[in-house]
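Listed here are the chains, written in short residue letters.
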Amino acid sequence: MNNLLHYSLLAFIMALCLNIQAEEKPKTMTLSNGLKVYLLEDSSLPYIHFELITPLNSTKDPKSKEGLSSLMAHSLVRGTQNKSAQEVIKELEKLGTNLSVLATRDYTLISVDTLSWNDEKLLNIFGEIITQARFAEKEVEFIKKQTLSSIEKLPESASAFTNRVFYKIIFQGHPYAHSPLGSKKSLQSITAEETTKHYKMLVPRGSLLGVTGNIPADIRQKLEDAFKNWTGGVVEKKGFFSWFRKKPKATEEPLQQKDIPQYTIVHKPGQVQSNIRMGYVSIPRTSKDYMAFQIANVVFGAGALNSHLGLEVREKHGLTYHIRSTLQSYIKQGLFYIVTPTRLAVTREAIDRSLDIVEKFHKNGITQEELDSAKNYYRMQLLKSYEKAENRLSRRMILNYMGLDYDLDDLDRNLRKLKLKDVQKVIKKYFLPENMKIVIFSDHKEIQSQFKDIDNLKVEGFNKFL
Amino acid sequence: MKIQATITKTLWIFLIACCMMSLPACAKNPKKKEMKTPTFKLDLKVEKYQMPNGLRVLLHADPKAPLINYQTWYRVGGKDDPKGQSGIAHLFEHLMFRETKKRKGKDFLQDIQSRGIYLNAYTSHDHTVYYFNLPKKELEYIAELEAERMVDLVLNETNLKLEQDIVKEERMMRYENSPQNIYIDLFETIFKTSNYRSPVIGYKKDINAISIKNCLDFYNTFYSPNNAVLVIAGPIHIEKTKKILEKYYGHLKPAKLPDRSYPEEVKQTKARAKDLHRPVQTASFTLAYPLPKASSKESYALELLSFILGGGESSRLYRSLVEKNAVAVSAHASSYFLETEGIFYISSDLHPQKSIKTAENLALKEIQKIISEPITQEELDLAKTNIVKAHVDSLKTAEGKASLLAYHETVFYDYAHSFQEVDRYNNVQLADLKKVAQVYLKPYQQNLIRLYPKK
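If you read the sequences in order, they're chains X and B. Going by the working numbering, the first sequence opens with residue 1421, and the numbers climb by one from there. Going by the working numbering, the second sequence opens with residue 3, and the numbers climb by one from there.
Just so you know, these hints were derived from the structure itself, not from any lab. In this text, a Cβ means the ideal position worked out from N, Cα and C, and glycines have one as well. Treat the hints with care, as some may be off.
Computed footprint of chain X on chain B; a stretch qualifies when at least three of its residues, placed anywhere within it, have a C-beta under 8 Å from a C-beta of chain X [what the hints assert, rightly or not]:
| no. | region |
| --- | --- |
| 1 | 308-320 |
| 2 | 385-392 |
Simulated pairs of lysine-lysine, DSS-like, Cα-Cα distance not exceeding 25 Å [claimed, not checked]:
| no. | chain 1 | residue 1 | chain 2 | residue 2 |
| --- | --- | --- | --- | --- |
| 3 | X | Lys1445 | B | Lys138 |
| 4 | B | Lys138 | X | Lys1808 |
| 5 | X | Lys1604 | X | Lys1878 |
| 6 | B | Lys356 | X | Lys1447 |
| 7 | B | Lys356 | X | Lys1565 |
So that you can see chain B by itself, here it is in the shape it has in the complex (with noise of 0.2 Å):
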């Protein structure tokens, strides 16, 4: 990095433009006395647009973060893996990092480094996100490694390789060696005709059978910039950013998506089991049943009913299974949503020598009160302050505000509709959790993993 020791005339115009961006605080926060039920209302402000290729763009300005959060967000994950290449939407974004036409492997992540810039990318069952934290000056260069491997990423027989050794390391650690982790057992046995039924990961012999055909094809299929949206955040100027992106992107051509549709789940008709014996110290288990799409309405009420069987220490499931029962370490209950199906789970760990049985009846009954019981106003109130706080907390990075954003915009085709998530679960009243404990949570949608130590 060059410092810029002499005083020009330009950095006195750039000195004042930072302090003018400094100015307007981000969130808004309620004064004590204007407000009976305070609450909290995000309003960020954002330029929005989208390139005739159909790159949408997000641009959020942030003068107080230290660094630039820049995150492209591919409507591309593990649900597109074609049959049999289970995993290649993973494989990809590790391909991702190798070779471009103008950058050969070493130099690419060694160039990276030297500007201070970090790297990371992730891939979901719905998306695949590739995120940088940038010094300011650096934001040019980014842009411009974005765009060339949005298309000129080179793909060959080594690399290809490579990475599906690699991949294979990341699937023990994560899977094989990690023997208390069930997520792929679960999405089997939940889901039988959806796409979410494969790992994002991949099965072993889907990830060695994949070439470098299936590659080019999945790359020139759902890499092009009307299948992405491209978030920035952080100390940026506006104008600026827009005349980069405009060089770097505005060129690029869009690609004929293929057709979005999804096979759908089949509707589940008989509670199922499954039992695994594996080495691990002590035994556990999740429940899960089935629920709707992130953009359902229920969504919000689903999230808070999950918080109040089992969110916290004071919900109903850690008082019956830890607190009272005394046979968990644990007891957790969540709602999971993906872009066309989602899950309500629940799991715990067991202490020793306990049964599963016991622990599973216990938790199936919570689940009976919750569906026939009144719900107090008080465990509502106190869901809706906890997601809230989780809200707040979510903000506090530029790197927090742009997943925010790109999530909204990915998902619901607006950002804006981050804004109103507060209000969405303000909204939820207690009839609304009764509903959907009563459509949601019916014993024959129940899927039950069982995990026994091993003898």
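With the rest of the complex left out, here is chain X (with noise of 0.2 Å):
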């Protein structure tokens, strides 16, 4: 008893000096429509804000359907069985919420806050949008010509615009390859039934809710009345077999990328920069080498202005003004790449600086004076993201999603358990240069003459990726 007193206070000890409060937990319950609540009291400011995290994602699209997911989900305000378009938006702005909705290739994301005493009100409206949305044929048509409109003016936002396409040339073939948005084409195609029938696939069980701010006494009851008309979903069975039951497994086998050409110049007339990814497939989010992955790209290219990239690529040669890299870890897939933009004269140069700087990297790895400025950066960065109440329940309630019943205490346990020798480890299997597929986003005839010795290079219309 003695020595676990010691080393309790031991551990508040430690989190104290690295600055990491032990987290508090959330509470959860189980409606009895099946739908996971967490709760998380914050009552430092008077608000009070919804999350629901549902399995609907952009993989679940049919063929030719890619965006049917996204439309759904933000045809969702256009109007209830009661309440027109214009009502349910109005109701939401009375409020001050902000609602967000976002389809993502994992699930859908849609909250809503609000200042705390309106917090019945909210729940109400929120609840009815959930449970008795419309889907009317002319607001189904306005969110589809929305979403057309925004999918034409992507390429004027080049960053946006290269990362569609790097995700569509990268992931070939695979479900995550499409952008959630969909395509202008997959997007005509849709039609108002299609999206009534998808939305029957939006259930309580399988959803997740959060609950953050300021939670009154009767939260279970009032979350029973806002979502009483909503049923579905797969019950799990419970019983002593189901521990051994087989859980669905990530693929941490890498795609087979072979067809995929190793340079893509994406042509549109008039661009004055280059707008460059490299990268390939890479782990899943729930992947045992994520985390030493993420402490190994701090040192490469996460690790703003220090990193090995933006010491070489910015700080040394001025080629730009903003170089990363970045693991996005999904639940079946990931993609590891580095993003820059650069002046059309230098479009080779800095991507041979950054394939050697990869090569350096495969080969030398990182120093332990490396990897401890990476871990107290990288801990920062949990701190940070960690802040807000909101965003602290909302990553809890993504990884439980994909899995993984992590808090920031268990990811700065992982954090200070990584060793040299893990990070040198994951180095050497995943920074693979000879892995690097490149797409520039450029004018063509400008940066041309830079790769007249590459052979393996395919040079495509911007349109083709509308």
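Two chains, each in its own frame: build the complex with the hints.
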């Protein structure tokens, strides 16, 4: 007992020294319709925030109907059985609500918030939106038109457009390839009827609801009332043998990427900068190597100006204003890539210098000093991203949704356990210069002379990716 | 980071202090039963003082925050760029991360990162802001660094040339390669005599022409304790922090600041329009009107007015351009206040093949209506609720609180000015909205930028 006390105290003190306060655990409960609810009290400010995470995602879009999940989610607010779209929108805005709908490759996230004294009104309208959406043809067409115009405008935002192209090329043949928004062609083929059918997949069992802020004492009853008409989903069988039941596993095997050209130039006349993406399919979020990969990546390119990439390409040679590398991990696969815009004249130089850094990184790995530094940097990023209570709960729910029962303390524990040899192993395994596929969104005519020596290069028009 | 693994007497005292600091809540959350019309009243506990050298310091202890936010606001921005040196305030912000007398370029950044510190900076028309998120044990390190950068920066040709290249890349990314961004054109159209006319990022030829001498002059003129506001928010101990600041900033000498009067913007007497043809996919337009400065009493009514006109999807512009007439994907209105001027602007992105003229006329019709026809109490209440809500949202992090305090201390010389913001919005009446609409949205005050896809 004494030992236990001693260790608990020690852990508390260590957490304080690291500036990580023990994270308060959210309460959980399950409503009678099977919806799992997480509650995190935060009375520091007068607000309440609701966030629904549903398993509907872009991989569930039927073939040639890409964008259906997103279209359905965005159409939810366009009217209920009793209220018009205008009435719903006005009601939300009267409460000062920020409504956010985010359809991703793994889940759809819908969040609303208000000042705490409006909690009941918000919950009523939120429940109505989720359980009684109408999908009138006119309203679905409205969202379709809005989305089509947004897609048309995408090339004006070079960075967002290059990401879209990069996913499409790198995830070729995988359900992650298409943007959750869909394409102009696929969207045009989706009908209001198909959207209504898809809505039937939005069910409480398997969905997660988070509530943060000033939570009323009778929250369970309020939630039961707000979502009483919402049913459906697979009932999870419980019992002794459920523990042995096999859960679906993410694939860590890299996709076959043989048919992808090493270089793809996406041509748009008049571009005055080249937007570059270099990378390949990598590990899913559930991989045991995830943390070591992230730490290696801080040293390589995610650690602001001080990373190997930042120091070489920006600080030493002034080739770009912005360069970083990212590991974007989803449930089934991940994507590792370098991002940088650069002036046309030095496009090839920026790529070659970056490739050179990958090669050296693979060969030399990192030092103990760099590892310690990266851990400190990553810990700070974690603390920052967990500062807002609603973000804290959201991150926890998303990890739970992905099958990981982690909180901030667990993440910090994993970080502390990480040894230099673990990170070196991951660098050898995953930082692979030979796997790099390069996508450049640029004016081909202006940069083609820099790529004369490259055989494995394809030029595509930008319109193909709209 | 070293982990302290032994329990000492000092540590116990520290633990008790931590618990004590976590007691008070920072904002009052009204009880529903006590108030008829609930609202929000901000009341942060702030320690404010001024050092003999003129540095103004604000300290806010927030023991629950996981990191300390450390911000230094210099009262210098794009509007202070000398003629022919547009962009120098911003370029200088870049140079501040290069080298000091004690710290060389690469080591500078590596040392910061190895301590788990995040740093960044931005330059606006009025201010240059440097901010850090740091673990509490690094407070002294950052205080030393920031005091050092205030007076001991090393400027040389190599660093200047490199940062000129990087800034030109930034300019290209934000403007030349973002053809939809019309910010530079808008400011050039609306401002004829004000210093706000020049872009903060600068003109390319000016960026190229900036010399080391220009940089040194700029540094010696504006980077001094009496031209800065320092705000620290987060898990800090007030008395210990004051001692640290005294140690590193106390001996710095104040500078003789230049006259800070700026050319006034000439009164606009005729509507202006500019047509742009660029490689955009679809057309858009921006319609702007000159407004008074940030400290104007009318700014609250103007902000509410812009929300009613184009703050959300139930706003007048959105309903007309996006919902009813389906010519646009978006329609937005906002008020933007600077230290000596302001701008009321409306912007809208059109659907492909839709005519700017039609959309523009619809927007002008809504402006005419808001001037001449009644605004409802329901519209005003909706706008107030949304602005109060945004205020609450901005206070969820130590960085948000520090930014709010710093802005009000820098612009109004009083951080507590921020505590009455909600009341100032709540006191606005329908008649105030009508008055500002009639005064500031006159047809001859229009500045219209039309952006067409280049054929």
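**Item:** Cβ contact check, 8 Å cutoff: the region 385-392 of chain B against chain X, three residues minimum
**Value:** holds (count 5)
**Message:** Run the distance test for B:Lys356 versus X:Lys1565: straight-line Cα separation, threshold 25 Å.
**Reply:** 13 Å, holds
**Request:** Please work out if B:Lys138 and X:Lys1808 have their alpha carbons no farther apart than 25 Å.
**Result:** The hint holds at about 18 Å.
**Prompt:** Is X:Lys1445 within 25 Å of B:Lys138, Cα to Cα?
**Reply:** 24 Å, holds
**Pair hint X:Lys1604 and X:Lys1878, alpha-carbon separation not exceeding 25 Å** = Within the cut-off at roughly 23 Å; holds.
**Asked** Taking 8 Å as the C-beta cutoff, is the stated coverage of the region 308-320 of chain B by chain X satisfied by three or more residues?
**Response** The restraint on the region 308-320 of chain B holds, since 3 of its residues have a Cβ under 8 Å from chain X and three suffice.
**Prompt:** Is it true that the CA of B:Lys356 sits at most 25 Å from the CA of X:Lys1447?
**Reply:** 51 Å, violated
Of the numbered hints stated above, the single one contradicted by the structure is hint 6.
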